[in-house]
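J.: Now for the letters of each chain:
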Amino acid sequence: MPRFPADDERIAAIHVAIRWICTRWVFLGFVVGFAGPNKLANSQEPSVDHYVTKVKPILQDRCYACHGALKQEADLRVDTVTAMLDDQSRAPVIVAGKPADSDLLNRIQHEDTSLRMPPEGRPLSAEEIEWVREWIQAGAAAPESEQPQADPLSHWAFQAPQRNAELNRDGAIHPIDELLAAASERPDLDALPRADAVTLVRRVYLDLLGLPPTEAEVKAFQANDSPETYVALIDQLLDRPEYGQRWARHWMDVWRYSDWYGRRSVPDVMNSYPQIWRWRDWIVRSLNDDKGYDQMVREMLAADELTPTDPNNVVATGFLVRNWYKWNYETWMKDNVEHTARAFLGLSMHCAHCHDHKYDPITHEDYFRFRAFFEPLELRHDRVAGEPDPGPFQKYVYAQSYGPIASGAIRVFDEKLDASTYMYTGGDARNRIPNRDPIAPQPPTAFKWSEFNITTTTLPIESVYPGLQAFVREEETKMVETKRAAAEQRVNESRTTVESAEQELGRARHDAATTAATSPHEGPDPVLASELQLESARAKHEAAETAYRVAQAAAESLAARIAADDARFRVQGNPESLAKHAHRSEKKLAYQTAVHAQQVARQQLLLAQHQRLVAATDEATAAAQQAIAAAQQTYDAAAAATASAQSALVSQGTDYSPLSPSYPNTSTGRRSALANWIVDRGNPLTARVAVNHIWLRHFGQALVDTPDNFGLQGKTPLHPQLLDYLAIELMDNAWSMKHLHRVIMTSAAYQRSSQVPPLHAGLTQDPENVHYWRRRSLRMEAEVVRDSVLASAGMIDLQQGGADIEVAKWHESPRRSLYFTIHGEGDMTFLNTFDGPNVGECYRRTSTVLPQQALALTNSELVLKYGRELARQISSKLESDETAQQSSLVANQRFVQAAFWRVLSREPSAAELEISLDFLRVQTERFAQVPESELVGTATAGVPPAATSPTLRARENLATSLFSHNDFLTIR
Amino acid sequence: MSNQGNPFCGRTNRRQHLIDLGLGFGGLALGSMLAQDGWAGSRQAPSTAWHSRQATAPRAKAKNVIWIFLSGGVSHLETFDPKPLLNQFAGKTFEETGLPNPQKLPIYLERSRSVVGMDREVVSTIMPLQVDFQQYGQNGTWVSNWLPNLAQVVDDLCIVRSMYTTDNDHNAEFQFQNGRHSLDEQQPCIGSWISYGLGSLNENLPQFVFLGKYSDNRVKRNFDANYLGPQHAGVELSLDPNNPLPFGRRATDVLEEEQRAQFELIHRWNQLAAAEHPDDEQLRARIRAYELAFRMQMSAPEVLGLQEESAETLSLYGLDDPTTELYGRRLLTARRLAERGVRYTLVYLSDYGEWDSHSNIKELHAKCCGRVDKPLAGLIRDLKQRGMLDETLVVCATEFGRTPALEKTSLNQAGTGRDHHPHGFTIWMAGGGVKPGYVHGSTDELGFHAIEHPHYVTDIHATTLHLLGQVPSQLNYPGRKRLEIDYGNVIHDIIT
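Going down the list, the sequences are from chains A and B.
Read left to right, the first sequence gives residues 1 to 972 (this note's numbering).
Read left to right, the second sequence gives residues 1001 to 1496 (this note's numbering).
Rather than coming from a laboratory, the hints here were simulated on the basis of the structure.
Everything numeric in this text was worked out from a predicted model, so none of it was measured.
C-beta: ideal position from N, C-alpha, C; glycine also.
Keep in mind that a hint or two might mislead.
Straight-line Cα separation of at most 27 Å, DSSO-like style, residue types lysine-lysine; simulated pairs [what the hints assert, rightly or not]: (1) B:Lys-1083 / B:Lys-1104; (2) B:Lys-1408 / B:Lys-1092; (3) A:Lys-56 / B:Lys-1481; (4) A:Lys-809 / B:Lys-1220; (5) A:Lys-587 / A:Lys-483; (6) B:Lys-1481 / A:Lys-54; (7) B:Lys-1481 / B:Lys-1220; (8) A:Lys-483 / A:Lys-580; (9) A:Lys-809 / B:Lys-1213; (10) A:Lys-71 / A:Lys-715; (11) B:Lys-1435 / B:Lys-1061; (12) B:Lys-1481 / A:Lys-358; (13) A:Lys-358 / A:Lys-71; (14) A:Lys-715 / A:Lys-56; (15) A:Lys-448 / A:Lys-715; (16) A:Lys-448 / A:Lys-358; (17) B:Lys-1104 / B:Lys-1408; (18) A:Lys-715 / B:Lys-1481; (19) A:Lys-738 / A:Lys-291; (20) A:Lys-71 / B:Lys-1481; (21) A:Lys-877 / A:Lys-219; (22) B:Lys-1220 / B:Lys-1367; (23) A:Lys-395 / B:Lys-1408; (24) B:Lys-1213 / B:Lys-1362.
To spell it out: a stretch of chain B is covered by chain A in this simulated footprint if at least three of its residues, at any positions, have a beta carbon under 8 Å from a beta carbon of chain A; those stretches are [to be verified]: (25) 1212 to 1225; (26) 1229 to 1239; (27) 1289 to 1300.
One side of the interface only, derived from the structure: several residues of chain A facing chain B at Cβ under 10 Å [what the hints assert, rightly or not]: (28) Gly-121; (29) Tyr-325; (30) His-350; (31) Gly-427; (32) Asn-709; (33) Leu-778; (34) Glu-825; (35) Pro-851; (36) Gln-853; (37) Thr-858; (38) Ser-909; (39) Glu-912; (40) Asn-957.
Given the sequences, and given the hints that come with them, work out the whole structure.
T.: Right under this line is the structure:
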């Protein structure tokens, strides 16, 4: 790498200036380029020019949707002048030279709004109408060979990807590079060479793991950066569990991951749902396991039908749970439609919510066909082994709030098996179209890419009635057994207490008998006290015994319910008699519970009566009287309850409490059918959309610049053959994303240098790097910034999975950023500052440069804490370095080098080293002159206080500042 | 400009922010940045928005906006829109008045849409006015006795009594700033559009500031830039001069000269990098961002410190009275921000839902009025005496009004409150080119529907943009479709 002499900043500044001027020239080049076509247009016949520049854009924008290739309302097309002139089927659309006779003009300015065109949106402006009039008046000239609008079904993205048979004939050149080189309109450019080993290895680590490489890792690759080592490195990184964490965050953007929100301050869950983090962990796991992308899509839409008894997999439907909105299921349905289509198909299905799509072949009815896939949905809150039973999912009752429940797993299921979808207009469910039959689930009718079938899924009984699962029985049994053992223990203990109270009373009586004769007793009577003690101990013992009978009955009842479940669902034993037995066992449990309650009430009553006996004042007596009355009332009620529970003991019912809620034993199969249609090889969109997302995240630039829109309004791919090659490569290799990473990262395009030599032709001929002649340098995403700060200090916690961590712990907890709570009501300020994801939608990230980012990297607790830790770690290591001990200059030099390695994964340049050493020297001197009392400031909570030793303080300054070095945030 | 989809997380595009921040500043001497001379001075930044400036753009009458929001729903009936008929028909249902039943008019359903899948329970028993009114000012404008101070400046106010919105629940609050019903796709709020469209007047301070405190995080939606990106989101300034903005304070154990040396070191490193990567526009933008950051950190505490304000001024805003101190401080700070060129300040002059008087409206509203009346009147007087009112547009808004009917939470309870009322409500504006002492539009005789000159909330956005010299319909973002309703219509009748 050419480096400029550091002490000559003048040269550097001049260079910047030259470059700046060059950039301006580029800009001028654009202006000249723009002037071109206009000139050309002006040279044509004025009327044609007027049509092309003024009239046609109006027609395109406001009329083509209904009178073009997509639709021909009233059998009329206005996409060519010829079509308008030749139309004989009605009043003339246009009559050249006669605006008054032209129906087009009449209709766009009609006073009757029911006849005025266009029927929707604002009417055309007076100016626009005048342009149309002028053009007709001047003769309605048309450009030569004007082409009608193309059939939307011929759109590139709706054709199957094509395999290029010529590709990679001799294996000498990577297919990606071959296709990039063969691109049409490629300027004659020298592509930049492979990046140097140090740059490349950092790029690869940050790209695959989201973490910088250590000094040792860089040096290992530096020692041998052959293509083979490079491939081995990629494989090794793909095998690391941090890969899943890094790429999961990318897909969480696309799939709109959000923790619950709504009214967090109440708290009231309204959007998404607690425990949805299990879906996040499923994404991480699936990526690490290299589960096929097709399978991931299937499971996110329909794991409840596909793997209903795999609790680790049904949580994949978090994709749908995330869209849940308690207050309005219409919104849930709407978001399911919109984001399923955008994420997996790159289709703007939501545009057809109110009317036929204006550009793509998706009708208004297609929208509702698509919605019908989701219509039967409801949420379900499943119990998870080792966690408390979350209880059944709580349905919304108007004006009630529901706080989060911190156990269990949340997923979807088909509840309303015969749910009907009704069409409405205007995007408002209140406007249901009357007398219209329900709409059946189906993909957009124009897209006949593959077979489509819906088959009802029969669900296994453990999924229909989760209470049958072994872990539920075991945990419930363990719980009642533990309680019974504890109750037994209390019975024994209370018996011992009774026995010792009896002995005590005996002793007291004996003492009383022997001493009564000699001296009269003063104070409380010990015999009476002992009698009371014994009575109380006996009451407690009786209560313990009744409590034991409750625990015993509970255990028996559970066993009876389990036996009845087995009989009912697994044909083991006589269902009727066992159900009766289970029913009675619960009655018995209820009776024992009532007996126990009565016993406790009796004890309370006795206690109150004793209180009155010992009451010394009138007030105490009155209070005790009241207590007795209240206790008596409680006792009477308890006695009545016991009586009624006793009479219920002979009940002959067969119903008993289930061990869990039950759900329908079939699922409609609608979502499985949708998922299969989406990932069918015949679907031309899915693989293309997926590889485009992956490519975008490797390069920071996309092949299709609108990753969520592959429709007619989306951007045309700049390298269509490359896109197709990657899509086919993905599908041919079991949709393996790890395979695709390997393919992409082994291309020369990926490995290129980002350092452009001065005056390179690419800067003017392809400044946007359309042809990948260089590597575009990128800025770390928000999570990578935070994670890299932690990693630089060697303190990151790479633990996988678990419940989301509250944002307040953002600098205290060294967990990776993807594990922190993020939702529609708030995110981590630090991440947000670096363009963290918008949970509403984030099909691609942006990367801004803001002053607040500079402040965050200077003043935040995170940078202060880990910068200081970093400085201390390096300094304490230097203490055992004998060479470093010889001179402070050497020690500082070692320090700077180590700090650069830790933060930037590279050596400092000579110039950087000099500047840094200069800084350390000046800063150390500065601190040496400041009284120590001034060096001690008020420490920030959670951050180690700044050092008072001048040397260490200066080093802390340097280490924290390094996070503001441009090369930290930049991935070159 | 292309209107093709380009969903950068709903955020900005690379080239855009480079234009904002980057080009040509790489070589700026650090010395000037460290000179600490405070203000770079008012500078009209070039417009950076993607809209084309056309000759038809109106002349700007206002330079900055102070946009005040009262959360929870202020009763129009008890503030600026008294309806004597309510007293006459108290206790009767709408049906029994003999007037057209407002709940049976088509606009009742057309204009509003419920979030909760069903419409709110309809109560129609009329509640009398809970306060008396008197006429003030040259035109005899009716003002509630709860607002004695605002009544004294009514000749400076321009009152719009014919607002409506479409959500009958509190998401209408965010709708007031971003123009969309909560069930529809959300949009950037008006402050972000202003930041996007106009750029900065003072580089040391953010262009869009939020002042307020809230217990409910949803309040953040009021200053969310959505797809315009974080650089156009409102920056929350706390009123603590020692800790004004996120990460905007030097750590308490870092010395000032210590940090300055660090900035210098960073600058030197990055100059080296700039020399090595001369084509890296991001890098130069980042160097510039550091300069801005440092200035911002120095400037913000100065703005928030009120020590240079006279005792008269403090008293004008009610800072000497515990009842009005909290909100007075916010409004005085807003004036100081406007003075220093902050384009748009959103002052949240209540806690979330503070005005939401479902019961006991008489007591609650009187209390709420008492907390804002003096500070608001103080702001108007202060802006006027400083000659700032001409160029500063003040907007005082709420999410909806309150029902002419009473609200009962249970059958056997006396109705003492009013429910949410999106069908007709009042806001007011002042200065910045709106007609002083003017009342525009009206509701029907029962104060139910906005009937004369009805205005949806985005009409206030359009009017504000127009006064700032912008054409609302030309504010667009590539790849994002805005609807007619988002642009709103300028209320020409209220403009001088």
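J.: At a threshold of 10 Å, is the proposed contact between Glu-912 (chain A) and chain B supported by beta-carbon distances?
T.: 6 Å, holds
J.: Tell me if chain A covers the segment 1289 to 1300 of chain B under the three-residue, 8 Å CB rule, please?
T.: Check passed, 7 qualifying residues.
J.: Taking 8 Å as the C-beta cutoff, is the stated coverage of the segment 1229 to 1239 of chain B by chain A satisfied by three or more residues?
T.: Satisfied; 4 residues make the cut.
J.: With chain B as the partner, please determine if Gly-427 (chain A) meets the hint condition of a C-beta pair closer than 10 Å.
T.: Holds, because the Cβ-Cβ distance from Gly-427 (chain A) to chain B comes to roughly 8 Å (cut-off 10 Å).
J.: Lys-1481 (chain B) and Lys-1220 (chain B) were given as a pair; does the straight-line alpha-carbon distance stay at or below 27 Å?
T.: 23 Å, holds
J.: So, Glu-825 (chain A) near chain B? Judge it on the closest CB pair being under 10 Å.
T.: 4 Å, holds
J.: At a threshold of 10 Å, is the proposed contact between Gly-121 (chain A) and chain B supported by beta-carbon distances?
T.: 7 Å, holds
J.: Is the Cα-Cα distance between Lys-809 (chain A) and Lys-1220 (chain B) 27 Å or less?
T.: 21 Å, holds
J.: Decide if the proposed pair is consistent with the structure: Lys-877 (chain A) and Lys-219 (chain A), CA atoms, cutoff 27 Å inclusive.
T.: 20 Å, holds
J.: Holds or violated: Lys-1481 (chain B) with Lys-358 (chain A), Cα cutoff 27 Å?
T.: The hint holds at about 13 Å.
J.: Against the 27 Å threshold, does the CA-CA distance of Lys-1104 (chain B) and Lys-1408 (chain B) hold or violate the hint?
T.: 21 Å, holds
J.: With 10 Å as the cut and Cβ atoms as the points, is His-350 (chain A) at the interface with chain B?
T.: Because about 8 Å separates His-350 (chain A) from the closest Cβ in chain B, which is inside the 10 Å limit, the hint holds.
Violation of the numbered hints given earlier is absent; every hint is satisfied by the structure.
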